[in-house]
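**Q** Sequence:
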Amino acid sequence: MLAGLGLAAAGGAALAAGAAEARRYTLRRHRLAGLPAGADPIRVLHLSDIHLTPGQERKRDWLTRLSALPVDLVVNTGDNLSHQRAVGPLVEALGPLLDAPGVFVLGSNDYFEPRVRNPFQYLLPDTGKRRTDVPELPWRHMAATFTGRGWLDLTNTTGRLSVKGVDLAFAGVDDPHLAYDDLAAVDDAAPVDAGVRLAVAHAPYLRVLDHFAQRGWDAILAGHTHGGQVCLPNGRALTTNCDLDNARARGLHRHPADSRPGDPASSWLHVCAGLGTSPFARVRVACRPEAVLLTLEPVA
1 MLAGLGLAAA GGAALAAGAA EARRYTLRRH RLAGLPAGAD PIRVLHLSDI HLTPGQERKR
61 DWLTRLSALP VDLVVNTGDN LSHQRAVGPL VEALGPLLDA PGVFVLGSND YFEPRVRNPF
121 QYLLPDTGKR RTDVPELPWR HMAATFTGRG WLDLTNTTGR LSVKGVDLAF AGVDDPHLAY
181 DDLAAVDDAA PVDAGVRLAV AHAPYLRVLD HFAQRGWDAI LAGHTHGGQV CLPNGRALTT
241 NCDLDNARAR GLHRHPADSR PGDPASSWLH VCAGLGTSPF ARVRVACRPE AVLLTLEPVA
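So in UniProt numbering, spot 188 of the sequence shown is number 188, and the numbers just go up one at a time.
Mixed in with the good hints, there may be bad ones.
Derived DEER-like restraints, expressed as beta-carbon distance ranges [stated by the list, open to error]:
| id | residue 1 | residue 2 | range |
| --- | --- | --- | --- |
| 1 | 297 | 260 | 42 to 50 Å |
| 2 | 189 | 246 | 26 to 34 Å |
| 3 | 126 | 183 | 14 to 22 Å |
| 4 | 150 | 254 | 29 to 37 Å |
| 5 | 41 | 153 | 22 to 30 Å |
| 6 | 187 | 245 | 21 to 29 Å |
| 7 | 233 | 140 | 41 to 49 Å |
Don't read these hints as lab results, they were simulated from the structure.
Computed from a predicted structure; not experimentally measured.
The beta carbon of each residue, even a glycine, is placed where N, CA and C say it ideally should be.
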């Protein structure tokens, strides 16, 4: 009996620690050379997997404070919502960030309500089956609000923005996790006349990463993985919830993984571990929730 009580206490302590970590919001920073020589640095705020519900006041407050950063561009890689009434609180929390130049794509949890699910299923091989027989979330309202404030919707399309005098070219796809991505719609090579070429997707499936790398996009930004969410003590992810290898579940890497800068048909890959979780399992282990300030710098 004492052993059982000890195990229960240990399990409860681990659950409490995981719940606390899920609220330890962190701003990570990376630098990436790629701008034309002589250009001023461009600070890109990469947001992903906010999974907001109206009652998450600590998360909303932390998001609001991000507007004090010197942000030149916002890249939002989806899964913003986890509740039917989350759009208003989301827009309020983003605040002045919506006045900065921005681009976005959608994720599965922008489209459909979350549902209770055994969290251990994420550690099993992906069957490819997706539940779309649940109520839709107000993604149309959210997307219209974003575009109304000037952000580019990169759902299976391309676009351009001028930021600090640099011409930025973008390509994006709809959520690959739901197989909504239309790679034929973004089949052209990255434009050679742009100062920087950035590709955007919610889920970093290899077919999408290969497609953009082979077409000359300088960097690919994605989310979806939650950095593994429940990781080993050294931060090693146990899963990515897609076919990306666990070693690249978050952070700045190359794609293909064995490529080097300057190699043909290769790109930088940045995966944001995101700010949220399922509202039914608000736990993270060795994987703090994050937003990332990615500073693009001129090539030396």
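**Q** Confirm or reject each hint.
**A** Consistency of the hints with the structure:
At roughly 18 Å, the beta carbons of residue 297 and residue 260 sit outside the given window of 42 to 50 Å. One distance hint, 26 to 34 Å for the beta-carbon pair residue 189 and residue 246, holds here, with the actual separation near 31 Å. Checked against the given bound of 14 to 22 Å, the beta carbons of residue 126 and residue 183, roughly 19 Å apart, stay inside it. The hinted range of 29 to 37 Å is satisfied by residue 150 and residue 254, whose Cβ atoms lie roughly 32 Å apart.
The hinted range of 22 to 30 Å is satisfied by residue 41 and residue 153, whose Cβ atoms lie roughly 26 Å apart. As the Cβ distance of residue 187 to residue 245 is approximately 26 Å, the hint placing it in 21 to 29 Å holds. For the pair residue 233 and residue 140, the supplied restraint of 41 to 49 Å holds, since their beta-carbon distance comes to about 42 Å.
Checked against the numbered hints given earlier, this structure breaks only hint 1.
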